[in-house]
Amino acid sequence: MASVKLKINDKNYTVEVDPKMPLLWAIRDVVGLTGTKYGCGIAQCGACTVHLDGTPVRSCSIPVTAANNKNITTIEGLSTDNSHPVQQAWIQEQVPQCGYCQSGQIMAATALLKKNPNPTDKDIDTAMQGHICRCGTYPRIRKAIKTASQLMGQKASAK
Amino acid sequence: MKADTNESKIFKVSRRDFVKTTSMSISGLLLGISFSCSDTAKKLSGNPEYVFSPNLFITLNGNGDVTLIAHRSEMGTGIRTSLPLIMADEMEADWNRVKVVQAVGDEKYGDQNTDGSYSVRMFFTPLRKAGATVRLLLEQAAAKEWDVDVSECKAKNHEVVHSSGKTLGFGLLAEKAAALPMPEESSVKLKEPKDFKYISKQSSIVDLKDIVTGKAKFGFDNNHLPNTKIAVVKRNPEPGAGLKSFIADNAVKVPGVIKVFTLDAPGFPTTLNKPLGGVVVVAENTWAALEGRKALDVTWNKGMNADYDTKSYNNAMLKSVKTKGKVRRENGQVDKALASAKKIIEADYVVPLLSHTPMETPCALAHVHDNACEVWAPVQDPQGVRKSLAEALGMDLKNVTVNITLLGGAFGRKSKPDFVVEAALISRTMGTPIKILWTREDDIQHDFYHFPSAQHIKVGIDENNKVTSWLHRSAFPPIDGTSNANAKEASGAELSMGMIDLPYAIENVCCETQEAEAKIRIGWLRSVANIHHAYAVGCTLDEVAKARGVDPVQNMLDLLGDDRTIDFNSLTSEFWNYSEKLEDFPWSTARFRHVIETAKEKSNWGKSLPKGSGQGFAAHRSFLTYVACVVEVAVDANNKIRIPKVDYVVDCGVPVNPERIKAQFEGGAAFAASLALKSEITVSNGAVQQSNFHNYQVGRMSDSPYETAVHIIESNEKPTGVGEPPVPPFIPALCNAIYAATGKRVRQLPVRLA
Ligand code: FES
Ligand code: FES
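Quick note, the sequences are listed as chains A and B, same order. Under our numbering, the residues of the first sequence are numbered 1 to 159, in order. Under our numbering, the residues of the second sequence are numbered 1 to 754, in order.
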């Protein structure tokens, strides 16, 4: 057992867990935040994506100890009121079908846009290739990323 | 408090309506069951705490809040939004004042088996009537209040408006309406389609905001009961064969593991509703359960399918369709016509076992205590789950409660109750709430797979370039074979999905089947037998067009013949019209022709494309919905296939929720592209060889259509489903496009060009 300090969405948690436990299960089972999903457990589907110090990671495939003292952002921490431009865009384009994969998709899209505010189709393909949506919302995800890029651009120029 | 005569009358009206709409199992929908006024309600007009529940589906509070029941399962189609919208529209409720509440699994709601693309088809009219009845009651209540004739009162946007302009809000009228007798059916008028305010209009799903903020609760997210433990099961790689022995010493040493024990295997046949059994590991958290399971040392029994090998099995099926099988439809004399044909088109088609892999794997939370059982689970068929639980636990149905969570995708997998029964059996043993979870490996290795199949089609063209004969042989194990070892013959219903319902005006038609045994669990996958039948038929039609020297779209129109409704019952005694009578939902070649012609126009069919690109066409009616599909592909020098554009034309009668219809077709195209291009389950020595997304591949963003345009035909015909119909025509249209681009015919799935 190890004592791990997790800072999730600006809140501090100390968890006593098996140091090998993947971050995903620490977030879901121990901390109790269920917005981050399980889809494969082997870094193939992207459903479990969270940000670790701003970088998207597959929480199913990194041990909880790797997140010790780092800043973790989950879907619940993106905004409390749907106000993040990526969430806005997701609502505008009505992306979700069943919705299960969407927290991972949104976390990946957010990280992409932070690095690359105006991604091309190719950039989007590359960034989102690791994210499976069995409902097939891919064209709308692409559209929503472009919409979010515009919304963020407007926000930036308004400043 | 209630008027029994009126109650039973409305009840009868609703029931009759249901029986008319469908012959599927209906246990009675109690629309307008009673006025269940809350006992605490004070007799005060406008009491905000007053609760007016004129029927099972609609509740109006004195403060104007409306609660509508969603009784079908939400797995991504938007049904949890679309059905309440229908009621709100007829009721003239303001959608912003509406709260949608998910029903538990209970026969009183009528059919809840969310499968077969019939939610809207079955419930459109009854739910409209439910809403319209409440609207009329509110108008009558206002008329009484104002002492005017009801004809002067019109419900509009959450209030009743008098012709003089004065208004009364719905909330204020709740108690007054509750005091009125149920109106006669004849006095309940449904809206004219032109007056719809939500039906056929744009609207977003009720769960949208919760999904994008991570608040939405799926089955996987339910462990809200205190002291919930997590369980996983290690199952025999050969489904059905039992356990020989196991050593748990290392497993129980894993910190957090609480208990290891066995669940009985069902034996053979495995059946559609029993768990597979195995060794159960219960732990404090998911990780401990998984680590504990990994540490198990298990020896399995070998069963009757220990030698199952898909390669030899598929080869045997392929061989079988080369010879005459059992005739399931016969018109004219195919042998004779083929013998005298000038040209013959002949090909075989093979489709592998396919897995559903919804993004949320099977999972359930169950609590069995004091001779009662309550579960929270992502299930398509809550009443079926309830019955299976009662049976497995030896409990009275009334002691079993099935709460339906959001489903993280399903595609047919979650119409089976096995994983929920597992959770309940484990909870009974443990005496605590149990959340069971299936890993992706569990899901892919122990699914109810789409049938493996082989088909042979032979078509004869005479000297006048006319198609005169069509011979189609199909071999695949029926779904019934999962529960019944003697069932080796495809059912009429399975064959009416794209084979014996061949709509073309061909004089000599013969459809035959060969037997095949279910060697693994077989189940429904989105569009079921339409997947392989539409693929073979759609590709054959393209070959026929080439042989006739006619454009594929024109070829199909030629074969379709004059506009008519086809009496399939006279063509084959085994025809199944998706549980509907042909007089209620006729097979209309005019509607089929219309989607075909529209697709030709909308897709810019025949446009010039660069080398390596091509368009392909197919059309198919399934689940009573008519669909035409044009797929454009671009194949590069490395045989990498891209799909820049898809055009769908759909005639599903009244399009209730056009935005979600579009979403279903966009998603259906991606799902079908995934099946055709990526996915294959193989079995060796009785065990599935794939285990996760690295070797059971599914479509990712760049494999999926870049753009899917969905053209919906305006229609006042009865609405039909859209969840499954996008899939069947896509695959042949894709394969025909690949042929146009590369000159290569695809006769086996998944597509392998190299
Ligand atoms: S669950 Fe982590 S990538 Fe699939
Ligand atoms: S929306 Fe269902 S898996 Fe993506």
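Just to be clear, a hint being listed does not mean it is correct.
As the list claims (entries may be wrong) - Among the chain B residues that face chain A by a calculated CB cut under 7 Å, a handful are:
(1) Lys343
(2) Gln689
(3) Asn692
Claimed, not checked - Under the rule of at most 20 Å between Cα atoms (straight-line distance), these lysine to aspartate or glutamate pairs were calculated in the EDC-like manner:
(4) B:Lys645 <-> A:Glu93
(5) B:Lys678 <-> A:Asp125
(6) B:Lys640 <-> A:Asp81
(7) B:Lys201 <-> A:Glu93
(8) B:Lys294 <-> A:Asp53
(9) A:Lys143 <-> B:Glu284
(10) A:Lys146 <-> B:Glu707
(11) B:Lys387 <-> B:Glu107
(12) B:Lys294 <-> B:Asp307
(13) B:Lys322 <-> B:Glu489
(14) B:Lys253 <-> A:Asp81
(15) B:Lys640 <-> A:Asp125
(16) B:Lys645 <-> B:Glu601
(17) B:Lys217 <-> A:Asp81
(18) B:Lys645 <-> A:Asp125
(19) A:Lys115 <-> A:Asp81
(20) B:Lys215 <-> A:Asp18
(21) A:Lys20 <-> B:Glu601
(22) B:Lys640 <-> A:Asp121
(23) B:Lys209 <-> A:Asp121
(24) B:Lys718 <-> B:Glu707
(25) B:Lys302 <-> B:Glu574
(26) B:Lys324 <-> B:Asp106
(27) A:Lys122 <-> B:Asp703
(28) A:Lys122 <-> B:Glu707
If you're looking for bench data, these hints aren't it; they were derived computationally from the structure. Remember, it's a predicted structure, so these values are computed and weren't measured experimentally. All C-beta atoms, glycine included, are put in the ideal place defined by N, C-alpha and C.
We went through each hint and held it up to the structure:
no. : hint                  : verdict
1   : Lys343                : violated, 39 Å
2   : Gln689                : violated, 16 Å
3   : Asn692                : holds, 6 Å
4   : B:Lys645 <-> A:Glu93  : holds, 19 Å
5   : B:Lys678 <-> A:Asp125 : holds, 17 Å
6   : B:Lys640 <-> A:Asp81  : violated, 42 Å
7   : B:Lys201 <-> A:Glu93  : holds, 16 Å
8   : B:Lys294 <-> A:Asp53  : violated, 32 Å
9   : A:Lys143 <-> B:Glu284 : violated, 42 Å
10  : A:Lys146 <-> B:Glu707 : holds, 14 Å
11  : B:Lys387 <-> B:Glu107 : holds, 11 Å
12  : B:Lys294 <-> B:Asp307 : violated, 26 Å
13  : B:Lys322 <-> B:Glu489 : holds, 17 Å
14  : B:Lys253 <-> A:Asp81  : violated, 44 Å
15  : B:Lys640 <-> A:Asp125 : holds, 15 Å
16  : B:Lys645 <-> B:Glu601 : holds, 15 Å
17  : B:Lys217 <-> A:Asp81  : holds, 17 Å
18  : B:Lys645 <-> A:Asp125 : holds, 16 Å
19  : A:Lys115 <-> A:Asp81  : violated, 23 Å
20  : B:Lys215 <-> A:Asp18  : violated, 27 Å
21  : A:Lys20 <-> B:Glu601  : violated, 59 Å
22  : B:Lys640 <-> A:Asp121 : holds, 17 Å
23  : B:Lys209 <-> A:Asp121 : violated, 26 Å
24  : B:Lys718 <-> B:Glu707 : violated, 29 Å
25  : B:Lys302 <-> B:Glu574 : violated, 38 Å
26  : B:Lys324 <-> B:Asp106 : violated, 47 Å
27  : A:Lys122 <-> B:Asp703 : holds, 13 Å
28  : A:Lys122 <-> B:Glu707 : holds, 15 Å
Checked against the numbered hints given earlier, the structure breaks hints 1, 2, 6, 8, 9, 12, 14, 19, 20, 21, 23, 24, 25 and 26 and satisfies all the rest.
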